[in-house]
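K.L.:
Spelled out, the chains give:
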Amino acid sequence: MASTRKDPVLVVLQLSGGNDALNTIVPYGDPLYMDNRPTVRIAEDQVLPINNYIGFNPTLGPIKQMYDEGNVAIIQGIGYPNPNRSHFRSMDIWHTCEPEKVGTEGWLGRAIRDIDPNKDNVLTGVNFGRGLPRSLASPGVPVASVGNLETYGVLTGIEGGDQRTEALDVFENIYSPAIGKGAVIDYLSQTGMDALRGADVLSTAPEKYSSTVEYGSNTVAQYMRNIAQVHLAELGTRVLYTTAPYNSFDTHAGQMAAHARLWTDVSSAVSDFYQDLKEHNAGENVVVLLFTEFGRRVHDNGSGTDHGSGGIALVIGDAVKGGLYGEYPSLEADKLLEGDLHYNNDFRGLYATLLEQWMGLDSKPITGGSFEQLDFIA
Amino acid sequence: MAGNDIALMAHLMRRAGFGATYDELEARAAKGYEATVEDLIHPEGQPDLEMDILERYFTDWRDLIALENNQAYWTYRMINTKHPLREKIALFWHGILCTGNSKCEHGKQIQLQLDMFRRHGMGSFPNLLLELSRDPAMVFYLDNCMSHKDAINENYGRELLELFSMGVGMDGNPNYSEDDVKECARAFTGWTITNAIPRYPYARYESQFIYNSYDHDDGEKNFLGESGRWNGEDVIDIIARQPATARFVSRHLYNFFVADEPQVPAWQNTTPNDPDAIKMLEDEYFRSNYDVRSMLRVLFNSDFFKNARFAKVKSPAEVVIGTMRLVKDFTYPKPGVHPIGMEIRYMGQDLMNPPTVEGWHTGKEWIDSGTLVERINFTADQVGNVDLPGVQAIIRRLGSEGATMSPERLVDGCLEMVGAYELSQETRDKLISHAQKGGELRTGTEEFAGSVGQMLQLIVATQEYQFA
Chain A
1 MASTRKDPVL VVLQLSGGND ALNTIVPYGD PLYMDNRPTV RIAEDQVLPI NNYIGFNPTL
61 GPIKQMYDEG NVAIIQGIGY PNPNRSHFRS MDIWHTCEPE KVGTEGWLGR AIRDIDPNKD
121 NVLTGVNFGR GLPRSLASPG VPVASVGNLE TYGVLTGIEG GDQRTEALDV FENIYSPAIG
181 KGAVIDYLSQ TGMDALRGAD VLSTAPEKYS STVEYGSNTV AQYMRNIAQV HLAELGTRVL
241 YTTAPYNSFD THAGQMAAHA RLWTDVSSAV SDFYQDLKEH NAGENVVVLL FTEFGRRVHD
301 NGSGTDHGSG GIALVIGDAV KGGLYGEYPS LEADKLLEGD LHYNNDFRGL YATLLEQWMG
361 LDSKPITGGS FEQLDFIA
Chain B
1 MAGNDIALMA HLMRRAGFGA TYDELEARAA KGYEATVEDL IHPEGQPDLE MDILERYFTD
61 WRDLIALENN QAYWTYRMIN TKHPLREKIA LFWHGILCTG NSKCEHGKQI QLQLDMFRRH
121 GMGSFPNLLL ELSRDPAMVF YLDNCMSHKD AINENYGREL LELFSMGVGM DGNPNYSEDD
181 VKECARAFTG WTITNAIPRY PYARYESQFI YNSYDHDDGE KNFLGESGRW NGEDVIDIIA
241 RQPATARFVS RHLYNFFVAD EPQVPAWQNT TPNDPDAIKM LEDEYFRSNY DVRSMLRVLF
301 NSDFFKNARF AKVKSPAEVV IGTMRLVKDF TYPKPGVHPI GMEIRYMGQD LMNPPTVEGW
361 HTGKEWIDSG TLVERINFTA DQVGNVDLPG VQAIIRRLGS EGATMSPERL VDGCLEMVGA
421 YELSQETRDK LISHAQKGGE LRTGTEEFAG SVGQMLQLIV ATQEYQFA
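Protein chains in written order, with this note's numbering: chain A, 1 to 378; chain B, 1 to 468.
The hints are simulated quantities; they were obtained by calculation from the structure and are not laboratory data. Do not take every clue at face value.
[What the hints assert, rightly or not] Listed next, the in silico DSS-like pairs over lysine-lysine satisfying Cα-Cα at most 25 Å (straight line):
1. B/Lys306 <-> A/Lys181
2. A/Lys119 <-> A/Lys181
3. A/Lys101 <-> B/Lys149
Predicted model, so just to flag it, every value in this text is computed and none were measured.
With the hints as extra help, turn the sequences into a complete structure.
P.N.:
Take a look at the structure:
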């Protein structure tokens with residue numbers, strides 16, 4: 001286990017929609033890349049080289065810099081057996097670790113239960129965005145889901161400070177556990193008080209926070225800022241999660257412009273986050289995972305790319321041993337799987353690495369088996 | 001009008017529908033309870049939504065490709081339907097005979113399945129199972145198209161028994177064996193679907209059910225103790241005759257319409273909360289030749305139903321649709337339907353995309369600190385918006401009671417207006433003492449509207465309001 005003083009924290013940024021691996025970590029040295037991508041292609045002279053075969057998309061400049069500092073692990077050829085090209089199903093598989101059947105629980109929901117079995121802290125897991133991604137869902141595991149950190153709380157729609165304060169007083173009065181009203185009412189009362197407490201504690205995070213880092217105004221940047229605020233407030237939160245806007249990486253058409261904009265936002269947000277933690281000397285116990293549900297078709301469709309399989313994931317942090325992991329899948333026609341990159345790296349091995357080597361948890365019950373781990377945790 | 005008639009009608013409409021405004025409750029109560037039950041269980045032949053007009057406004061609703069279009073469509077439909085029980089029955093079966101968008105080739109396929117529930121959901125139960133076994137979304141979701149004469153896939157065969165008709169066991173005993181699962185799967189070989197036509201260039205088309213006799217295992221099977229060269233229809237006939245099936249359907253109806261039961265996986269070893277009620281429903285199942293409509297008639301007219309007020313935690317769909325019907329928003333096509341549908345998802349019920357083939361866990365499992373905040377905030381925002389027609393109607397109606405209103409009457413009047421809710425004495429006292437800070441209210445004023453709006457917000461935030 002690598003962590004030393006502070007408890008290890010995992011931040012997950014989900015890139016929904018299926019990020020195009022080929023135009024993220026670009027195999028610019030492969031003539032087959034040119035052949036397959038007559039239109040949706042990053043020009044060779046634009047690529048930020050990693051070696052003479054692959055390099056970063058230029059919009060990943062800030063991530064390239066972290067890579068050069070040795071803090072970015074690029075997980076190549078990641079996927080799972082019998083790839084499914086439905087967004088929902090594939091994301092589900094990533095969320096539940098169940099490629100065969102439809103699974104019940106999210107992998108991080110299980111992890112949070114293992115971290116905090118007695119539910120001592122209602123903020124062990126915090127999601128930014130509305131509604132809970134299935135990766136965090138597990139029966140009986142409380143996870144706060146925050147749409148807007150500045151206004152998060154109960155009865156937020158009541159206008160006028162005094163009126164809201166009064167309403168919250170009444171709410172607290174009504175919900176104060178009076179034992180014996182009946183099991184379900186008692187449970188509701190307890191849950192209402194937990195929510196009120198969680199909101200009270202969370203609302204202190206922005207107040208305590210100050211930083212010279214200026215994040216962008218896009219959703220990912222704002223949520224990464226919120227994640228920094230919650231982490232810096234030291235509320236005992238161990239898993240923080242957010243999602244790039246709904247299926248935005250699903251670039252069937254107009255990919256060149258859209259994909260560049262998405263990665264410009266994401267790279268700056270991640271880099272700003274990293275700088276922010278550095279400024280507060282609070283980055284050493286944080287690892288960030290960026291993942292997507294699948295890569296995209298090798299051959300472009302003239303304007304964008306369709307759903308594919310093998311993709312890439314990035315793991316970023318001080319505790320990360322930077323470099324390339326797994327193999328870049330071959331683009332040769334006979335090595336493709338139905339026109340898609342063949343995965344050579346099971347995502348559950350990536351999860352197992354994060355769970356065991358970073359979070360210090362037993363990964364087998366969480367990932368549903370033993371999977372070959374990588375060695376990107378320093 | 002006797003207050004109890006209204007309260008009883010409010011109860012019926014919350015369960016058999018998505019709640020109703022006070023005006024509608026009065027009109028229905030005047031017609032009578034049993035007559036209303038008959039209206040609800042016989043939606044056939046009555047006019048429905050005018051889809052041709054809606055499709056001109058919501059152009060995505062013709063193809064219904066994406067999950068969000070389907071969710072918006074169903075949300076709008078539940079808000080505006082004149083046949084609340086038909087939508088409620090679709091919701092009921094959707095939570096049991098589950099398919100999900102997470103494993104579906106074309107979003108509309110699930111909407112077509114819901115249409116099937118609307119058509120057959122109150123009819124013969126074995127007929128519903130037959131329709132389900134031929135439903136393309138289901139055939140694909142549970143891999144029956146991957147089940148072949150020489151290599152059976154047991155997925156559908158198993159879930160048909162375990163989750164769709166009998167359940168693993170009852171009264172402490174198993175209802176079927178592993179061999180029954182295999183024999184059931186054999187009987188359904190050859191029940192498959194046509195390939196979906198590729199998306200380009202003609203857009204999506206639905207798959208169709210086909211029976212491939214060349215891929216059907218026509219051999220002798222022994223299923224639940226009966227031997228023969230059973231096909232899928234025969235297996236369904238045998239299933240329909242089982243006491244376990246009567247129990248399973250009755251218990252599900254009870255859990256959805258009457259009162260929260262333990263969760264399904266516990267049913268083998270836990271007795272029903274009200275064994276006499278379940279017995280009544282089981283008897284009607286056999287007496288009526290497996291007719292769901294007859295069972296519903298018995299259920300709604302029974303004392304056990306009438307006495308089960310506020311014995312169920314509302315599902316997210318009930319929370320959101322009930323609120324929209326109360327405040328009377330989105331009664332005509334306008335932008336913003338999908339965000340309303342998304343609220344249901346935020347509260348933990350991603351319609352047409354259940355977490356597993358087991359559907360959603362219900363009752364108190366709907367509630368955690370995140371979803372409770374979502375319910376309270378959404379509902380409070382709606383009922384506190386005094387510009388919405390339904391809220392204005394409440395303000396007008398309470399205002400018409402006199403020039404002034406006491407704090408007690410404000411609390412009680414608001415409780416009546418949201419569906420004859422009852423609070424614990426303690427909570428009611430707290431709301432009254434809060435209302436007393438404003439003193440006696442003058443009903444014609446703008447402050448009065450504000451006071452009503454705020455009282456409604458506090459009421460929907462109570463624990464009691466989370467129950468139906």
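K.L.:
Next, verify each hint and record whether it holds.
P.N.:
Results for each hint:
1. B/Lys306 <-> A/Lys181: holds (22 Å)
2. A/Lys119 <-> A/Lys181: holds (23 Å)
3. A/Lys101 <-> B/Lys149: This hinted pair holds, its Cα atoms lying about 22 Å apart.
Every hint, counting from the list given before, is met by this structure.
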